[in-house]
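J.: As a plain string of letters, each chain reads:
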Amino acid sequence: MAKLNVNGKVREVDVEADTPLLWVLREQIGLTGTKYGCGVAQCGSCSVHVNGEVRRSCSIPVGSLEAGDRIVTIEGLAPKATHAVQRAWAEVDVPQCGYCQSGQIMAAAALIAANPDPSDADIDAAMTNICRCGTYQRIRTAVHRAAQINKSKAKA
Amino acid sequence: MKKRSGTTGLSRRQFIVGSAAAGGGLALGLHVPFGLAAEARAAGEAPAEVNLWVAIRPDDTVLVRIARAEMGQGTLTGLAQLVAEELECDWDKVVTDPITPGRNLAAKRAWGEMGTGGSRGIRTSQDYVRQGGAAARIMLLQAAADQWKVPVREVSVDKGVISHAGSGRRSTYGKVAAAASKLAPPDMKSIKLKDAREWKVAGQPLKRLDTAPKLDGSKVYSIDVRLPGMLNAAIKQCPVFGGKLVSYDASKIAGRRGVKGVVKVGDGSVAVVADTWWRAKTALDALPIVWDEGPGANVTSAQIAEHLKAGLEAPNAFALRNEGDARSAIEGAAKKVEAVYSTPFLAHATMEPMNCTARVTKDRAEAWVPTQNAEASLAALSEESGIALAQCEINRTDLGCGFGRRGGNQDYTRQAAAIAKQFPGTAVKLIWSREEDIQHDFYRPISQCKLTAGLDRDGNLTGMSIRVSGQSINAFVNPAAIANGKDKRQLQGLWAEPGDAQLGYAFPNFLVEYAMRNTHVPVGPWRGVNTNQNGVYMECFMDEVAKAAGKDPLEFRRQFMANHPKHLAVLEAAAEKAGWGTPLPAGRFRGIAQFMGYYSYSAAVAEVSVSPTGELKVHRMVLALNCGHAVNPHMIAAQVEGSVALGLSATLYGENTVDKGRIVQSNFHDYRSVRLADMPQIETVLVPTLDFWGGVGEPTICVVAPSVLNAIHAATGKPVRSLPLKNAKLV
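Sequence lines, in order, name chains A and B.
The letter at position 48 of the first sequence is residue 48 when you use our numbering, and the numbering goes up by one with no holes.
The letter at position 136 of the second sequence is residue 136 when you use our numbering, and the numbering goes up by one with no holes.
Hints in this document: simulated from the structure, not taken from any laboratory.
Check before you lean on any hint, since a few could be wrong.
As the list claims (entries may be wrong) - Distance condition first, Cα-Cα at most 25 Å in a straight line; then the derived DSS-like pairs of lysine-lysine:
#: 1; chain 1: B; residue 1: Lys-108; chain 2: B; residue 2: Lys-182
#: 2; chain 1: A; residue 1: Lys-80; chain 2: B; residue 2: Lys-93
#: 3; chain 1: B; residue 1: Lys-718; chain 2: B; residue 2: Lys-551
#: 4; chain 1: B; residue 1: Lys-207; chain 2: B; residue 2: Lys-194
#: 5; chain 1: B; residue 1: Lys-729; chain 2: B; residue 2: Lys-547
#: 6; chain 1: A; residue 1: Lys-80; chain 2: B; residue 2: Lys-207
With the hints as constraints, model all of the structure from the sequences given.
T.: Dropping the structure here:
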């Protein structure tokens with residue numbers, strides 16, 4: 001039995017302690033926006049935030065999480081997809097198949113939270129998730145755009 | 001953000017409503033397809049079916065029916081644009097609705113072919129979907145004219161608002177759709193489609209219709225399907241291709257939490273079924289399995305390479321082209337250039353792994369599956385479940401990548417059906433691990449190529465010969481397509497005849513041959529298919545010969561392209577945009593390439609630098625494409641950008657090697673993809689000539705590798721002839 005704080009709600013899940021967070025989110029909690037892509041923390045499709053940091057949930061055993069750890073998935077990033085990253089993604093029309101985009105968006109959201117005005121080099125270093133469709137160029141554009149959206153919000 | 005949710009029937013809420021209804025329907029012996037039924041319920045008003053392609057609700061929402069698969073390539077939006085263009089409806093009120101193969105079959109395939117591969121999604125359905133939109137418009141205007149008792153020629157429409165100038169009366173498509181749906185369709189031959197120069201919706205860089213649910217996790221891919229009482233399955237296939245399952249010891253996993261059973265699947269696989277996939281997967285990992293690895297058990301990549309190498313010199317080969325006397329022309333030349341190139345097997349590695357959810361009862365079978373060919377999925381489901389086609393249905397979900405992996409080969413659909421059959425009435429979701437995916441693909445075929453050319457004293461080409469030796473896709477998937485041993489498909493892009501895959505050069509003496517050398521490794525189409533390898537062989541060798549002739553690579557190519565003006569125009573467009581021949585910053589070098597596939601013409605210029613320690617950086621790539629008609633330039637650019645990414649993954653990192661009969665690589669750590677930091681700046685130049693319809697998803701990938709390799713050659717003075725580059729020392 002594990003107690004998890006997911007998107008602000010505390011959930012009790014009856015799973016083995018070595019079950020990866022990814023599969024608990026998808027199978028026990030029913031949040032399928034977080035995707036399975038590799039299971040070995042390579043592709044980042046399963047990216048979520050744990051206490052504000054981007055983590056690859058396929059490689060986090062639920063037993064290693066504390067009840068106080070705040071887990072945020074794509075479904076809980078912002079109400080009605082209003083996060084600056086989501087808005088930027090929509091403006092730039094980033095996704096192709098879309099499968100990896102939950103993870104890309106979570107990675108980008110963590111990046112601009114930590115670094116409000118990332119350079120191209122910062123984006124190269126932080127955005128390491130795989131997209132086999134090849135949306136990378138638009139991801140770069142959209143991360144810059146998200147930073148701009150946040151800046152204009154701060155001014156307003 | 002825009003309110004539009006894009007595709008219908010695929011929001012989670014609607015999906016679960018529909019799925020639950022389907023379950024209830026099954027109990028009553030009825031079937032409720034989830035897409036349209038759920039959407040109609042959710043909206044609370046049923047649309048009027050004007051014709052096959054267009055249904056309109058009283059609130060003016062236009063449902064455009066989509067038979068082709070959407071896997072990121074944008075076909076869904078492009079097809080909707082084409083229908084909307086002829087329909088003259090309000091683009092902001094367009095939603096799309098997938099046609100299921102069961103429905104298509106019941107209607108005698110009224111919606112045409114559903115298969116989505118070979119970059120055919122738009123180019124081979126554009127005519128009948130545009131006619132569908134035009135026919136619907138004619139019927140809607142007629143319905144309004146009938147209502148107003150005025151001649152239809154006095155009625156006009158703008159964005160779905162119908163008006164009669166004489167009386168000032170106005171109506172909307174939504175108001176007359178029910179009446180229109182009762183009218184006889186117009187004679188299709190009488191329909192004149194718009195000239196593309198008049199397009200207002202098509203041809204525009206509109207945003208995709210299906211983006212919103214990809215931004216908040218609400219989009220339901222097949223892997224996300226959840227059905228009442230559903231079980232989950234994990235599968236292991238014999239690691240050696242062609243091997244068989246001998247036995248497994250289920251007692252070792254008996255009593256594990258959630259495990260419902262162990263199932264033999266076909267001859268060569270075993271699956272564990274459990275309440276959750278994670279429990280199924282971990283139990284499967286703990287299951288002792290004995291395989292009969294079969295005759296392929298000792299095969300290595302080195303053996304395969306020898307087998308292919310022998311094909312380069314073998315006396316028997318299929319000569320696709322034998323113009324003049326290439327051998328003598330090369331033998332007698334003042335200078336001879338010769339090179340042997342090679343390219344490896346490549347897995348597709350779609351982001352969404354293979355998966356399928358199936359439910360089989362005694363008289364009905366149903367599956368949810370990411371498929372590029374829903375009709376092939378339906379056939380696979382029917383064959384494997386033993387349920388007649390008419391009692392089967394495939395619920396289509398958009399795919400998390402396709403790349404050719406999920407077309408005719410419906411191995412995972414068959415497996416899911418075989419497993420679900422053993423749990424009658426219970427839905428079972430089969431998901432492959434990434435390891436299974438990388439090690440049990442239908443790989444891009446391996447090949448080698450020997451090219452020779454002769455030059456006279458003035459550097460003029462006297463002749464050229466190309467011999468490809470390698471595995472055949474058709475021999476594996478469709479032997480009937482190889483008439484009299486003439487497997488033209490493996491020479492894709494080198495063909496003489498115009499249209500599909502014509503070589504853009506005319507050489508004085510020219511020999512093009514293929515020696516089929518098959519292996520036990522399954523092969524299949526991989527985005528761009530054989531234009532990938534043949535593009536590398538032809539275009540890199542062109543640079544080698546140009547260098548030997550002392551000519552600029554662009555100038556050298558031009559002299560053979562006088563009779564191939566479309567190829568040349570695209571090459572010139574790329575060169576111009578890239579500034580071919582203009583100075584570059586110190587240390588940067590350019591490479592150029594052009595090639596053709598899927599009826600479209602592509603060219604690229606790459607700019608690279610190679611550090612003193614041999615590290616490659618691709619800075620910029622300019623790609624030019626003539627796809628005839630550009631239905632959505634914004635999405636075409638996205639396809640070009642995606643082709644650069646997948647093409648660079650193959651160029652830099654991609655290879656599947658064989659040891660002990662099995663694929664060595666297992667996941668993204670050793671089957672690497674490019675990441676954002678690897679990407680160059682990409683510029684797309686579209687030069688559509690409006691006189692044909694070419695593909696978009698695949699054509700440009702074939703010029704990515706050769707333009708980069710040619711730039712490396714320019715930078716280092718040394719050609720790289722074997723992919724991927726991770727194995728090459730550049731300096």
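J.: Work down the list of hints and note, for each, if the structure agrees.
T.: Quick rundown of the hints versus the structure:
{"no.": "1", "hint": "B:Lys-108 x B:Lys-182", "result": "holds (21 Å)"}
{"no.": "2", "hint": "A:Lys-80 x B:Lys-93", "result": "holds (21 Å)"}
{"no.": "3", "hint": "B:Lys-718 x B:Lys-551", "result": "holds (16 Å)"}
{"no.": "4", "hint": "B:Lys-207 x B:Lys-194", "result": "holds (22 Å)"}
{"no.": "5", "hint": "B:Lys-729 x B:Lys-547", "result": "holds (21 Å)"}
{"no.": "6", "hint": "A:Lys-80 x B:Lys-207", "result": "holds (19 Å)"}
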